[in-house]
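Q: Each chain, written out:
Number of protein chains: 2
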Amino acid sequence: MPHSDLSFMHPFFLGAYAENDHVFEKTLLEFLRDHAYWRRNFHPENRPPIPTNAPYREDYNEFLAQMQQELHTLSADLKKSVPFFSPRYMGHMAADLLLPGVLAQIMTILYNPNNVSDDAAPATLAKELEVGTQLARMFGYNTDPSEEPCAWGHLTSGGTVANYEGIWNLRSVRFYPLSLAQAVKDLGIKLPDVGPKNQQLDQYSKWELFNLSIRDTILLMRKVTAHVKEEYEKKQFQAFSEAVIKESVAHLGMAGFFLRHPEIKQPKLVIPQSAHYSWEKAMKILGMGTAHIEKIRTDVHMRMEISHLKEVIEEHYQQQIPVLGMIGVLGSTEFGSVDPIHKMVEVRDEYAAKGFYFGIHVDAAWGGYMTSLFRLPDGGFVPHEDVCKEFKYFPHKGTWQAFKAVSEADSITIDPHKLGYLPFPCGAFVSKDSGVLDFISQKAAYVFDVKEDPLKKPAAKKLLGLGQYIMEGSKPGSAAAAAYVTHRCIPLHNEGFGRIMAHSMRACEYFYDKLMDVRRHLKELVTITIPFTPDTNLVCFAINPKGNPHLALLNHFSRKVFQHMKINPQQPLQAHDFFGSFTSLSKDALTDEDAARIFEELGINGDTFCHHVTDRTRESDHIYLIRHTLMNPWLMYEDNGMNYIDRYCAFLFRAIKTEMGRAIGRG
Amino acid sequence: MPHSDLSFMHPFFLGAYAENDHVFEKTLLEFLRDHAYWRRNFHPENRPPIPTNAPYREDYNEFLAQMQQELHTLSADLKKSVPFFSPRYMGHMAADLLLPGVLAQIMTILYNPNNVSDDAAPATLAKELEVGTQLARMFGYNTDPSEEPCAWGHLTSGGTVANYEGIWNLRSVRFYPLSLAQAVKDLGIKLPDVGPKNQQLDQYSKWELFNLSIRDTILLMRKVTAHVKEEYEKKQFQAFSEAVIKESVAHLGMAGFFLRHPEIKQPKLVIPQSAHYSWEKAMKILGMGTAHIEKIRTDVHMRMEISHLKEVIEEHYQQQIPVLGMIGVLGSTEFGSVDPIHKMVEVRDEYAAKGFYFGIHVDAAWGGYMTSLFRLPDGGFVPHEDVCKEFKYFPHKGTWQAFKAVSEADSITIDPHKLGYLPFPCGAFVSKDSGVLDFISQKAAYVFDVKEDPLKKPAAKKLLGLGQYIMEGSKPGSAAAAAYVTHRCIPLHNEGFGRIMAHSMRACEYFYDKLMDVRRHLKELVTITIPFTPDTNLVCFAINPKGNPHLALLNHFSRKVFQHMKINPQQPLQAHDFFGSFTSLSKDALTDEDAARIFEELGINGDTFCHHVTDRTRESDHIYLIRHTLMNPWLMYEDNGMNYIDRYCAFLFRAIKTEMGRAIGRG
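Taken in order, these protein sequences are the chains called Y and C. Take the first sequence: its position 67, counted from the start at 1, is 86 in this note's numbering, and no numbers get skipped. Take the second sequence: its position 104, counted from the start at 1, is 123 in this note's numbering, and no numbers get skipped.
FYI, nobody ran anything at the bench for these hints, they're computed from the structure. Treat the hints with caution; some may be incorrect.
You can't tell identical chains apart in this list, so a pair holds if it fits in one copy or across any two.
[Claimed, not checked] Derived pair list, reagent style DSSO-like, types lysine-lysine, alpha-carbon separation capped at 27 angstroms: (1) 45 / 209; (2) 533 / 606; (3) 284 / 225; (4) 45 / 98; (5) 284 / 253; (6) 265 / 284; (7) 253 / 606.
Work out the full structure, taking the sequences as your base and the hints as a guide.
A: Dropping the structure here:
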């Protein structure tokens, strides 16, 4: 298949020209009618409550007329929407939607299932859990419940909530051994030898207990619980269960827990400098505090710098400051850069062997679906040299290794509403080990019957009361249907979803090369710099007028160029030929080295990059970048010998020339 | 209008028989085509990327065939769905959906706006904020930005997240004065007299600072910030800002904050016994800990018992234990009971005058929309005697007062996807004072340009970067469109939404009376007890075979009866004539008094109600109840002289007789 052959995607989307409207309309109508007749045939013997003469009544028609008017207004307003569907849009992480997903979602909305429990979603809750399994399989997790650990996953309203759950899950498991030990001690419970060292629980130090692995903690919990249940009377068992709960961080809170265990320092969360802002939000909201974030420098590719990670980890190890977990980013929001997950796993394993443990959560909100490009239909991982054949640059060996190593992480965030080309809301949280479920469950009498012993239930059965194990409550079954049907139609491996991802990567490589051409052609006029060569399908660049040494002016100029591609609700969409987005690199986000490298390329005087700006005409505390996401399926579509990237580059060329002309005109 | 006249609702819903399918189909088709032609006319000069001969290709058709098959499977599966649309369903909090809402949502999905910022949702973000204003107005908050405090609100994925935001907002504001004082002290900043006592900041004790009201805190922040900005150099101002952040709970975390301020005890959250389980989840997830929940007993109506509240508050006041906030429930999940918000407000005001302050958040996830029944189109509140005219029992004077007093609370949770008859996901958080925004904002360089001074921006402008002020990130503009259009078509006052609510209440009153009839008719066979007379539109009851003193048997029998109305995906939906839901009252949830009262009515020996069950055939730790939500619009529709409630009661009568027959048969 030649790389410019987009034919495989022809039936996937509604299309930039709504070419597949016949399919969409026919299918939607079919299922809408199907739904209507389902209602009608539920109890056909009953008379319909809305009488057949209702449409002849004035008040009935008045309401419909008003509704029509309101909907017309909405429809008119929606015409100001960002044209995500068009290859002229290369801004935020959105594009056209996959037909099976939109159709499934709309169809399901009519039934309005609530995936909080199977009671309210007999059809779609199972689909949500199956989506979790589909995603887990793509990432290389075990999904066979007869083997442990077995993965599970579910949908969230977005990646932000999935990130919160990543920390919440880690906290719930990792704080448990201390609570257990305290309860056992207080109640004078006699236990056999337990834990990885196979010794008495009170022989473990608090530091050791805080550094048990997730799996060891699960096994410890099961062994101790089973023992107490067997050896003690029911009342004592209940007293024991209650004591463990009373000692938990969920009960004591963060402050209560650390006041109770002053020997243990508050744990850190280790994230790369490039992590999404929701990680800071997470630490604020979860009561952990951003002071307990340890940021790792990024390298010249905006990837986590492993030497710095090792330094930080060693320092924490020396000082016995626990690390709750490390976040690896698989496709950063700004640059699409991919952290070396494989090296993070090595670091984890190295320190785990020394009794210093931390979880790994991969934030693959953006890049998660790219994994499909490496995954073989039989579950294998495509060898590096085979992947390389399809691309000019992609994937860097480390990128390939990073994707491969995700299966070694404890949990993952992925956003089907990003590179899964599905409608909002559709985020997902995937966990390697469903054994964690027992540490996070809630009780809600009105949804879940209270008769059962939770430890004996298999995960699949527990999860019928999904609301017990997640942050959210009521949630749309329609999102689950959308993701499920899409993954069934376009499977998450290199012959399915991987082809869309590969196409997107090729478009990005093409974009990169073309931008380099523009740069060459304009080199007498401006300097264009891509501060970080893309790992995936995002490109950011800065534009500096030749001879300008002031960062403030660079930013001013880049903003001016961006005006040519900015969504402006006051203007018709057609006023601009292309659309992009922007980002800023703040001083904190860059190492001095990186800043120096970027400024050298741009000809900027590094002294004009400062935290506290005093001269607004020269200095700035950030570098303004134009940012493009290359995910639209039709970017490489050629018309009259030019594809949309060619056209964009010509457009950018003109925009820069225009702005330079204006700048010179102004003197 | 006679109470059984349902004609005003005829055009509101698709209908139990999909009677309005013609409207639905026509409108949907119109807007689907409109969307398709919008795409087509975006750049009609470009050739469509999907060629016109695509439909003749084999692979194209193969994919569509597969998609069709998957969608057919989904459609078939969805036929197992809970028939929320039908008046035969009286289970969980779901019913048919309002036409304007479903249509707006589906239409908007095609454009797929992301309400995280106006950049990705130029049309729908404003609608989301307007929905916030519509709701705020219904609750009686000021929404005129020229007056302070001015309310704001936004949508969440559900009530659970809105509840989290309630605590998070309170925490962010209330912890601030301590952080401020610390930063001022550490930097030796000179201030004028500030705060409600108009004195030097260091003259306030920590206890006083922790007990400033929300409004006083906002004013303090503004005054101090403006002063430092004016009187100090820029660098010093920046150092000051950073110091305040460094001292914040968001930065220090809960543990860090209380280690730093050992003089202040960890604050409590006061909730009624009847509060939704998401409040405990909130305390766990936010790192506050369920140990810091203070549960208030409920009275014989399952409403917060104010005498107990006062005791608890007085105790905390005496012991100087801060109270972060009190949660008032406006329509509990299990019983629809309404807490006396007006009395909570009195308690707050009384203690605020003594320098002991706490916020009030109203969890109106269920009952919020009922407010429309009391709200006049001109913004006034319908007098109690006028509301009473429309009902037999509703509203109890206290219920009326409670609804009226919601405008005195600080923030509110409401779920448009419950009594707003809108599709999932659609929760909402409404805050009385948009001044709180400055305490919770995040920064995200890639979404928000970094040039502006946040304090100078009006709230409406800040909120264009909505993601900075909420827990979630990406979020569906489609939900906003649904709520907005619905509220435009059916306004949130007693001539709009209030009529639907009134109808639901009347159905509930009718249900209650009819159930009493069943009870009378069956009194020789079983005892039916409604443990809490409904405040709104939910009814729960227990059924005990005559002469049985054992709770375990009552539960067993009630479960058996419930089997007659339980959704069972293994059976055709028609296998059952009606559907309900169930709940359990655990021992912790009841006062001994209440338990005694209920058991006396039921003829149960209270000794069989115990925490630790030893004899499963007699004892139980919960009371099993059948639970009905009376929200379907067609419950009162009469056919052959019987409405659906009459039919249900006949059905229940038969089910009980059948189960009694079986029980006797078994001996």
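Q: Hint by hint, say whether it matches the structure.
A: Structure-based check of each hint:
no., hint, result
1, 45 / 209, "neither (68 angstroms within a copy, 72 angstroms between copies)"
2, 533 / 606, "neither (29 angstroms within a copy, 71 angstroms between copies)"
3, 284 / 225, "both (11 angstroms within a copy, 26 angstroms between copies)"
4, 45 / 98, "both (24 angstroms within a copy, 20 angstroms between copies)"
5, 284 / 253, "neither (36 angstroms within a copy, 36 angstroms between copies)"
6, 265 / 284, "both (20 angstroms within a copy, 19 angstroms between copies)"
7, 253 / 606, "between (60 angstroms within a copy, 18 angstroms between copies)"
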